[in-house]
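Take a look at the letters that make up each chain.
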Amino acid sequence: MSDPIIQFDHFSFQYHAQSAPTLHDISLSIRKGEKVLICGPSGCGKSTLGHCINGLIPHSYRGESTGRVTVRGRSTAELNIFEISRTVGTVLQDTDGQFVGLTVAEDIAFALENDCVADPALHERVEKAAALVGVETHLSHAPGDLSGGQKQRVSLAGILVDDVEVLLFDEPLANLDPATGKAAIELIDEIQRETGAAVIIIEHRLEDVLHRHVDRVILMGEGRILADVTPDELLAGTLLQRSGIREPLYITALKYAGVRLTADQHPASLDTIRLSEDDKAAVRDWFRRTGAAPEPPDTPTLLQARDIRFAYSNGREALHGLSLTLREGEMSAVVGTNGAGKSTFCKLLCGFETQQAGTLSFAGEDMAALSIKERADRIGYVMQNPNQMISQTMIFDEVALGLRMRRIPEEQVRERVEATLKICGLWPFRNWPVSALSFGQKKRVTIAAILVLEPKLILLDEPTAGQDYRHYTEIMEFLLELNRRGVTVLMVTHDMHLMLEYARRAIVFSDGAVIADAKSAEVLTDGDVISRASLKETSLYALARLCGIEDGRGFVARFIDYEREAAHR
Amino acid sequence: MKPIFNYIDRPSPIHALTGATKLCCLLLWSFAAMLTFDTRFVIALAVLSFVLLRLSMIRLSDVSFLLKLTIFFMLFNNLVLFLFSPQYGVEIYGTKHVLFGSGRFTLTQEQLFYHLNQMLKCFAMVPVVLLFVCTTQPSEFAASLNRIGVKYTVAYSVALALRYIPDIQREYHEISQAQQARGIEMSKKESLVRRLKSASAILIPLILSSMDRIEIISNAMELRGFGKNKKRSWYMARPFRAADWLSMVFCALLLAAAIILNIHNGTRFWNPFL
Amino acid sequence: MKKSPIVTVVAIGIGAALFFVLGRFVIIPSPVPNTNISAQYGLLAFMAALFGPLAGLLIGLIGHALIDFSWGGSFGGIWWSWVIASAVCGLIMGIGMKKISLTDGVFGKKDVLRFNLSQIVAHIICWGGIAPALDVLIYHEPTEKLVAQGLMAGVANIVTTAIIGTLLCTAYAAARPKKGSLKEEN
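Residue numbers (my numbering), protein chains in the order written: chain A, 1 to 569; chain B, 1001 to 1274; chain C, 2001 to 2186.
Hints in this document: simulated from the structure, not taken from any laboratory. Built from N, CA and C at the ideal position, the CB exists for glycine as well. One should not assume that every hint holds.
[As the list claims (entries may be wrong)] Quick look at which bits of chain C chain B covers, simulated, 3 or more residues with Cβ under 8 Å:
hint, segment
1, 2040 to 2049
2, 2058 to 2067
3, 2087 to 2101
4, 2166 to 2172
Given the sequences, and given the hints that come with them, work out the whole structure.
In structure tokens form, the structure reads like this:
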């Protein structure tokens, strides 16, 4: 290992608009060719740390700082942002925001254009970078024609056209499905080996990043560095549980089984972990000991889709013969790749589009004759991003909007809104402006605004996208509570933890039809379904195999039941 | 979603011209067509513009919807013109040849000739705009603007607008559907003020989330060196060739001809009634 | 929001894209048959208040020109006169609204007044003056028709801007992070 390329020296930072510092006394050094994961819950300051590395702080965001940050030995305050970007290349979380070109080639060329690089060098370098990440056949594609994973590759190519020495990834997994996320981590690993650049990954999904080797993990909390250790040391320790970061599922399972891990067992990955025979026996024993949870009783059918066919006006058939049944009081998930037909199905349910063939019935009634508004009284639809739904300044008004639009007398509106606010835990904030709420609370407001219309079914698009473990748990426990009160919940998601832990069933869409409809534990252990739906096998299944448990599927199911019980004890 | 700008990829000589050339020609041509009402010249322009459309291998069927729209709008506009000022032709040409009728809506040859001129001008302008839109890649448009002297930061604003229109369009659609489910309506059933408030319930989330986007995009651009130099190069820029220069000179001559005609006629109108 | 020249470049691009989408796809029927309300001027006023006169000018110019281009010029070519009117409208609004500081989360009664006065003046100058004057020059149509057209558009735009623009500014100002003392209630 050579000289540090990035160095923080007792650095603290406070944004102008904020009343407390975001970073406290950070000392840290990153050397050439190193691969470092910066990990921590939302609001811990990890993104701010990223801004300090790429120079957005102090050059774009103003604030007070003490101490020093240096890039290749020179203080970032003395360099300008362009000089810093020659050393540090950043791939932002929002791939649509980073993709500023009209086509793949133009986006990759962006930095070179700004450097006035002329042809033929311009075209040559773009092609070389495109080939490096495998998008060379898509050069003339517009961003709208690309998947999230492909857009991210283009962003990476756009950085690689310059020979940077540090690659900084800000939450690279946030918008990707599990299989694509896995491929992204593999690509980052390959690129690092090819270019020898130092890699810094800012991410809270620890298990997914550790899919490939990482030299160090820097764990942050409340603006401070809590740990700067190897992944093995981190996973063997106890710090992680207290930090609001989810540990890998196999580690949790081992702990349930009473196995005490040490760093020299290399627990960072299931490929490297060394379990003694005693450890394995403990896991088997735990499996034998733990009982399966009772099956919930069958309830009447709420929603039935039969042989639904739908094609968009451009001729693309999005659904061909889709059928599924949802029972009252269920909490289930719809999963599948982009383009599998999930969002089309939601649009049909809400009446935004109409199917060309097949029937949709709700509580025994054919929905064909129902308008969008009438369907909304039965099925409530919650968008992924609460900011896309909120139009009122005050929480009360936001929740009341749907009722007022239905011309319900103001007295009744008040009554119903207040009742809903209480159910949703928003009563203490009833007189607050929406803007004062956290992301998770805003999500609650949008759910409350739907619940107030008293639908029997609520349909949620990626309810926890981009949330850390704590917020994820908060939102999901809230949904579970609603479910217990009798609301049927259907979630469209990529999140495997969510499926495993909160969905009674996973309905897997692929290519416009349902290819599997089973317990999540079964779906996430079925190799064929996993690859067709761009999912990832759960590490619990691999752990079961490692410990010689034949019924891997049963093991996964048992783990989930146990954890659910543990969570609610 | 259908692309909004109707680029049609065909191997024609018009496609081969650089975007900057086409933009320059469009501007020169438009000014020429705007300046003069000399019927002979306008007819020449209209005929020529259809010839160019043919040359570009754009078929009328490719743009039939837009052409129908043109004709509908043209007729509608002429109807309004007539209703407002049925004797405007007489005023312009200074003579009055009554065809039939009497009173305010007396139909005169002068008025008909005025309408003919208006319609011809429409056909002298619309095909070239169509030609430009159908044969210029949106990507090349920004580079072209910079080439003809627009500051590159402004040219890039145009590129960004073209880049994010589809995204914003999709987002608008999604938000509007979700809000409709909550009961938002913009149809005639509601009063105007209520309609505008309903529209705000869709537009506010759309626009406020776009403001967040501005910050993210500007970070991304800054980190990749935008604004570093006084100039920038363009991946999509192509070098000028002989055909480019010829086209521009030709359009410049058209404009010059229009100006000379106006001076020579002493008016913008060619008057066959005298 | 951070301040840098690049932010303005991006704001113009995104503003023009929004202007385009609102002008092209947002259909709010107006009381006059066969016409729709142009919601984009509410946006233009908001952007001009937030990013200043230059941004207002260019958003109006680019946004409106793109709308005309996207119709392939089917309404009789590019209506440069109206494109220019939109641009000047954004410019005047931006000048009149210079004192409004939305980024600080302030949009009080005085600001509402200033905002609406500016937009009314801008619309009157542009649709009652600039657009018809240029139309007379370019298209040689009867002045009464052009003025009537301009006034109709102007009045509609004033009403839309007053409602949508004011609501937008209020919502934006309210969403700015503020230090304050909100208490949870039981």
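Tested hints:
Here's how the segment 2040 to 2049 of chain C fares: 3 of its residues keep a CB closer than 8 Å to some CB of chain B, so the rule of at least three is met and the hint holds. Chain B is given as covering the segment 2058 to 2067 of chain C, and this holds because 4 residues of the stretch bring a CB closer than 8 Å to a CB of that chain, at least three being needed. Chain B is given as covering the segment 2087 to 2101 of chain C, and this is violated because 0 residues of the stretch bring a CB closer than 8 Å to a CB of that chain, at least three being needed. Coverage of a stretch by a chain is defined here by at least three residues with a beta carbon nearer than 8 Å to that chain's beta carbons; for the segment 2166 to 2172 of chain C and chain B the count is 4, and the condition holds.
Going down the numbered hints, you'll see the structure goes against just number 3.
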